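Protein chains: 2
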Amino acid sequence: MSAPNFPGEFLSLQRDGASALHLQLADALRDLILSGRLRTGQRLPSIRSMAETQGISRNTVVAAFDQLSAEGYLESRPGAGIWVARLVPTGWPDRTMAVPAAGSFLSRRGALMAAQPRIRSIQGHPTFHPGTPETSTFPFKAWARLLKKHTSPHGSELLTYHNLNGLQALRESICAYVSASRGVRVTADRIVVTTGGQAALDLLARLLIDNGDKVLIEEPGYHGARSVFAAAGADVHPLPVTEAGWDLDAVTQKPVRVVYVTPSSQFPLGIAMTLQERLALIDHARAHGTWIIEDDYDSEYSFHARRLPALQGLIEDAPVIYLGTFSKTLFPALRIGYVILPENLSEQVKRAISFTGHYAPLFIQAALSDFMGEGHFLRHLNRMRRLYTQRRRYFLSLCQEHFGKVLKPLDYQSGIQITCVAADDFDDCAMAERARVHNLNPAPLSSYYHAGAARRGLVMGYAAVDEADMGSAFAALKAIL
Amino acid sequence: MSAPNFPGEFLSLQRDGASALHLQLADALRDLILSGRLRTGQRLPSIRSMAETQGISRNTVVAAFDQLSAEGYLESRPGAGIWVARLVPTGWPDRTMAVPAAGSFLSRRGALMAAQPRIRSIQGHPTFHPGTPETSTFPFKAWARLLKKHTSPHGSELLTYHNLNGLQALRESICAYVSASRGVRVTADRIVVTTGGQAALDLLARLLIDNGDKVLIEEPGYHGARSVFAAAGADVHPLPVTEAGWDLDAVTQKPVRVVYVTPSSQFPLGIAMTLQERLALIDHARAHGTWIIEDDYDSEYSFHARRLPALQGLIEDAPVIYLGTFSKTLFPALRIGYVILPENLSEQVKRAISFTGHYAPLFIQAALSDFMGEGHFLRHLNRMRRLYTQRRRYFLSLCQEHFGKVLKPLDYQSGIQITCVAADDFDDCAMAERARVHNLNPAPLSSYYHAGAARRGLVMGYAAVDEADMGSAFAALKAIL
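If you're matching them up, the sequences are chains A and B in order. Add 41 to the 1-based position in the first sequence for our numbering, that's all there is to it. Add 41 to the 1-based position in the second sequence for our numbering, that's all there is to it.
These are calculated hints, taken from the structure and not from any lab test. Note that the structure is predicted; figures quoted are calculated from it, not measured. Don't take every hint at face value.
All copies of an identical chain are treated as equivalent in the list; a pair is satisfied when it fits inside any one copy or across any two copies.
Under the rule of at most 25 Å between Cα atoms (straight-line distance), these lysine to aspartate or glutamate pairs were calculated in the DMTMM-like manner [said to hold, decoys possible]:
(1) Lys391 / Glu213
(2) Lys446 / Asp107
(3) Lys446 / Asp358
(4) Lys449 / Glu474
(5) Lys391 / Glu474
(6) Lys519 / Glu474
(7) Lys190 / Glu415
(8) Lys182 / Asp68
(9) Lys519 / Asp57
(10) Lys255 / Asp507
(11) Lys189 / Glu175
(12) Lys391 / Asp251
(13) Lys189 / Glu284
(14) Lys446 / Asp466
(15) Lys519 / Glu93
(16) Lys519 / Asp452
(17) Lys446 / Glu284
(18) Lys190 / Asp468
(19) Lys189 / Glu415
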């Protein structure tokens, strides 16, 4: 029994064993049906005839027909043969038509998100990349032991849908740490654990910003914050910062919804906000219903004899939302941060995070809580402070030796990067471009400005560079200069 | 030398050793300044006099004064004494005023997000909670070994800012798996790894939806999808589903931006979409510029002899975005999912995810990639399929024995939960409420309906319940009935 016009003689089955023959046959027949070359109601050859034509066993044909019948492509009745099922609609001339360009398929909000600069993944280990801590000194043994401890059937509360706003034990560890070390006013129930500081910023922008709301971002400032607020539709304005401080006049002009600041170690200049500035900022914010977002991203690396506490702790009930992260103190790919909320905002954030799904794996949270509880965290921090103190000193001496008066380091004794300022005609982008060839990745200072005149210079992460590499890196930079 | 009107005699320092005396003194003085009881320019007592009045050592006083000077509260000049620094503004009568209610501080979008039902964390291990896989059988040893392997100085590429849209090795593992197992058309560069399926949905809603855009969500359907789209401002409409299938007429009425479907194992009914329905859905979507989001959340647990491939793989260039997750196959708290994008959407999603910060820890991604590469994943999956086949069979026999005709299980041989349907006058919410007292957590079927008439019944997760527990749980439910 043969079926007229069956195009099956063109089927090409590969006998190299890479894929089972019955699956190849099913795929080929499915393609014929979907492309319209086998039509609704069309009869297929019998199993025997198909097996003979293709030179395969009958079992192979039966298996392929069974699969396609299960998927709905074929129908059969004993004695009546096998035919292509009635698929609606019967003809589909457009079926191979390409989808329209995605641009038109994005929402306006989506287009705004897609218009933000893509933050590129780091490739390899470029020297001087800002914001990069030393990771080789991390206490891997203790960490692996704790991960293992919390990856067991006994910890099965850590495997399902518990603690969406952060493991209680970790929130308590963070609470104890930020109270003691950063002077933050907090209870564990006002902490929400996030998948990093950036994720926390993203969530806050969504909760606090409508299209057109005015937001102030430090200038120069952290471009990740700028992207998040711009993507949320904010009307982003600069909050100018120089070595002389924050220009708070910007806060007093027309209502501002959110001010984003890094008061303990300004990124990228490294200066700290004075008490006067802090009080004035809080006063302005209170008077105008403005939220202050305090990003305390690397305040742990303040090398002053007396560290300034966080802005958040200054005054009870100030409209300050505090962001912390373990990216700089432990390692960036840990993806754990936290947000400390005023009491009247905490329920809303917990609710939002419960359905956005942006919570960190619980076994990591449990391991991190133990890591803090067992003292590894503070020990590591102190080790890193000593190490960075040395590297910072060496870095500054190399600046003096190689950069002379061309690039002047701003040393405010804080942070894991140092900004070197140049004259206004210095082409920092070209310099950074040339450095990249040598696997050096200082960031041009001008890239942290968006609104107007940009200062020139290089923002250089020194923390992950050991002294031997630092010497040769500086020599290479000098050659470029 | 004593200072007139210094209110310091009221300072109360605790000598229980819980907190260093100089910090207590600094805290107390700071409070006096911030509350306005010590005013700008006011002189403080001398170090000696302060030490005597408080009964503490001079060094303690010096340390406290140093700290407050560093913070900017005090100023001093040798010989001229110490006074409160000039803080701007000079008076702050409102400083203890509470912040306005947060409601008024949220954006409209934020209010919309906060208006969604909060997804509650599970407490303990309630029996029959839908969507919960068995976790005690997870290969913890292999997993711990792989985590340890990727938590070492040698893996330091896994510690910083690499691979923001997913570790290459994991994307390749996922690519191989979904191609072979789910018939998905994909290359590794069109996969973006997310912090779970829910996080992927959240990102897609933001990219694809503007306020008022029409979105269809299956009814009954997954409330997490509903929350995400409603929070994005969508005009959410039901896509009715019954045992007879999907009512696709809803797709053809006025332009729909996004259709959210679970075609391989509908949540919570468990039915699979027929080929005819799949083709019709794709045709409608193409004709009207609609995105189809295919959530393949637990298709791995199809117990048919011949599993249906994913909708996504059906036709080249169909406007389908595919979501996968490891929450059901491994464990929910792993927080790893993935989205497979049409080529013309993949750059936009990568760009958006780069600044939202929602990427999973790299060492977990590396461990998971090895877990798949070494065969643990498929072995675990097969073990679970056998286990769930038994548990499913036992569950169905207990249904018959205890539920009789009151609750009729819909057995479509898929998924890790089974929905039992009751008559329209059955109060499934009251039943679920009473069951909770016994630590049983079946979900009322009516809770998965939002638009109109809801069917009644119980959605019961059977996968994480061993046979002994299942027997007693059914006995308890019968008693409640």
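Query raised in the report: When the hints from earlier in the document are held up against this structure, which numbers fail?
Result: Of the numbered hints given earlier, those the structure breaks are 2, 3, 8, 9, 10, 13, 15 and 18, listed in rising order.
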